[in-house]
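Visitor: Sequences listed follow chains G and Z, in order. Counted from 1, the first sequence has number 124 at position 124 by the UniProt record's numbering; the numbering is strictly sequential. Counted from 1, the second sequence has number 203 at position 203 by the UniProt record's numbering; the numbering is strictly sequential.
FYI, nobody ran anything at the bench for these hints, they're computed from the structure. Where is the CB? At the ideal position from N, CA and C, for every residue including glycine. Mixed in with the good hints there might be a few duds.
Said to hold, decoys possible - Interface residues of chain Z toward chain G, partial, derived using beta-carbon atoms under 7 Å: (1) Pro56; (2) Asn75; (3) Phe93; (4) Leu104; (5) Met107; (6) Lys108; (7) Thr112; (8) Ala115.
Said to hold, decoys possible - Listing some non-contacts, in silico: residues in chain Z with all C-beta distances to chain G over 10 Å: (9) Arg9; (10) Asp23; (11) Pro39; (12) Thr63; (13) Asp65; (14) Ala77; (15) Phe87; (16) Asn91; (17) Pro94; (18) Ser142; (19) Ala154; (20) Glu174; (21) Phe228; (22) Gly241.
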Amino acid sequence: MIREFSSADVLFIASAVRWTLILSAIAFLGGALGGLLIALSRTSHSRALRRMAAGFIQVFQGTPLLMQLFLVYFGLAVVGLPINPLLAAAVALTLHASAYLGEIWRGAIEAVPSGQTEAATALSLSYRDRMRHVILPQAMRVAIAPTVGFLVQLIKGTSLASIIGFTELTRAGQIINNATFKPFLVFGTVAILYFILCWPLSLLARHMEARMRRAITR
Amino acid sequence: MTEHAIIMRAVNKFYGDYHALVDIDLTVERGERIVICGPSGSGKSTLIRTINQLEPIQSGTITVDGVELTAGGDNVAKVRQDVGMVFQSFNLFPHMTVLENCMLAPMKTRKTPRAEAEATARRYLERVKIPEQAEKYPAQLSGGQQQRVAIARALCMKPRIMLFDEPTSALDPEMVKEVLDTMIDLAREGMTMLCVTHEMEFARAVADRVIFMDKGLIVEENAPDAFFGSPKNERLKNFLGQIA
Ligand SMILES: Nc1ncnc2c1ncn2[C@@H]1O[C@H](COP(=O)(O)OP(=O)(O)O)[C@@H](O)[C@H]1O
Ligand SMILES: [Mg+2]
Chain G
1 MIREFSSADV LFIASAVRWT LILSAIAFLG GALGGLLIAL SRTSHSRALR RMAAGFIQVF
61 QGTPLLMQLF LVYFGLAVVG LPINPLLAAA VALTLHASAY LGEIWRGAIE AVPSGQTEAA
121 TALSLSYRDR MRHVILPQAM RVAIAPTVGF LVQLIKGTSL ASIIGFTELT RAGQIINNAT
181 FKPFLVFGTV AILYFILCWP LSLLARHMEA RMRRAITR
Chain Z
1 MTEHAIIMRA VNKFYGDYHA LVDIDLTVER GERIVICGPS GSGKSTLIRT INQLEPIQSG
61 TITVDGVELT AGGDNVAKVR QDVGMVFQSF NLFPHMTVLE NCMLAPMKTR KTPRAEAEAT
121 ARRYLERVKI PEQAEKYPAQ LSGGQQQRVA IARALCMKPR IMLFDEPTSA LDPEMVKEVL
181 DTMIDLAREG MTMLCVTHEM EFARAVADRV IFMDKGLIVE ENAPDAFFGS PKNERLKNFL
241 GQIA
């Protein structure tokens, strides 16, 4: 039974945007925390920590996000947790974001000249104070543009959660398409909504990158 | 109170296979001013960087103000609070104002209250003759001004020993004097100082002892008059000929 594509369908799709946003926010905040730990581990003096963080990054950058989603989704059942698409998608995307943000931020920390660490160390500042007051504020300036760029990737990446049955924007489109069979109209609407979410962020990232480049060449 | 500021005994330092410091023995008295010179790569920076353990050593002992660096515990942190360091490349924190640069370490490591840290910072900025730059960022200052801020920043920790690693080498010639004058003032006030520098005028004016290093060894050391007037080592003679 095929029905018309109505304004109610557009509303249904548009309201699924909030799940895309919620999933993106969880993954980004979780990934920021995880990414900071990964970046600090990668730049630490402990070889064991560096190795572990490097291994984590390699695994999550070297396998498709979809496989990570599947593994977490079915893995939840294996460890006796109820199968929950939101939980699975949130966990998988958080791990994914941790790896990528960790790598971006490692580079940003390493871009701070070593003289900064030396001066802070000579002033007897502890590791914590060095990071917090000297290194991270400077690394942040370098990291902010690629971080926003990654956020755009992450928002688009949440569309894969539709495959494990989580009703975010893409899956809402699929549901409406199954009922109306107007793929161009439906997925065109979905694509426009993604674009509205991502485009301002892309602009922001490009703007910040240009500002960074000017600051460096100044 | 021990009488010696720094005691280095049989100190050896390796970078991988490279023997950067070879059996260094050096005793520095309180209030003594020492100038270290030598060709590039001879281990001058490495030597003074072992004193606050920016570079760890592989054997030997270093005792600073009666605290043995290698003995573990929080000895390294204690020594670093007592030893100020000034670098060739200034290494000011670019995201902080001059004043914030000077207040950070006292507030964080000595737990000095903000008002007191600020008063101290302003006092030392006055002493290095740039009180009016307190609210500026490092990038807005000349090289000579930046280096004087770096000296003030180190002094705000009230160190008993100051280490200088070629503090004027990165400066335009016209700014060398203002930094050397600041260092001479400091020497006159009785600060214990170890300065890696090739400014021989400075060495003659303030040094109690001049040390010549070559290939990781202390090759010759003497009072400035004898050091410059009657050098014994061939390489030192050569070296003095080159920089004169
Ligand atoms: N971090 C390092 N890793 C490897 N070798 C180093 C390092 N730092 C210095 N060296 C080497 O140790 C030697 C002494 O260096 P340094 O103390 O900086 O000399 P100087 O200050 O007298 O020019 C040089 O040959 C230099 O290449
Ligand atoms: Mg050097």
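Visitor: What are the numbers of the hints the structure violates, in ascending order?
Guide: Those not satisfied are hints 1, 2, 5, 7, 8, 14, 15, 16, 17 and 19.
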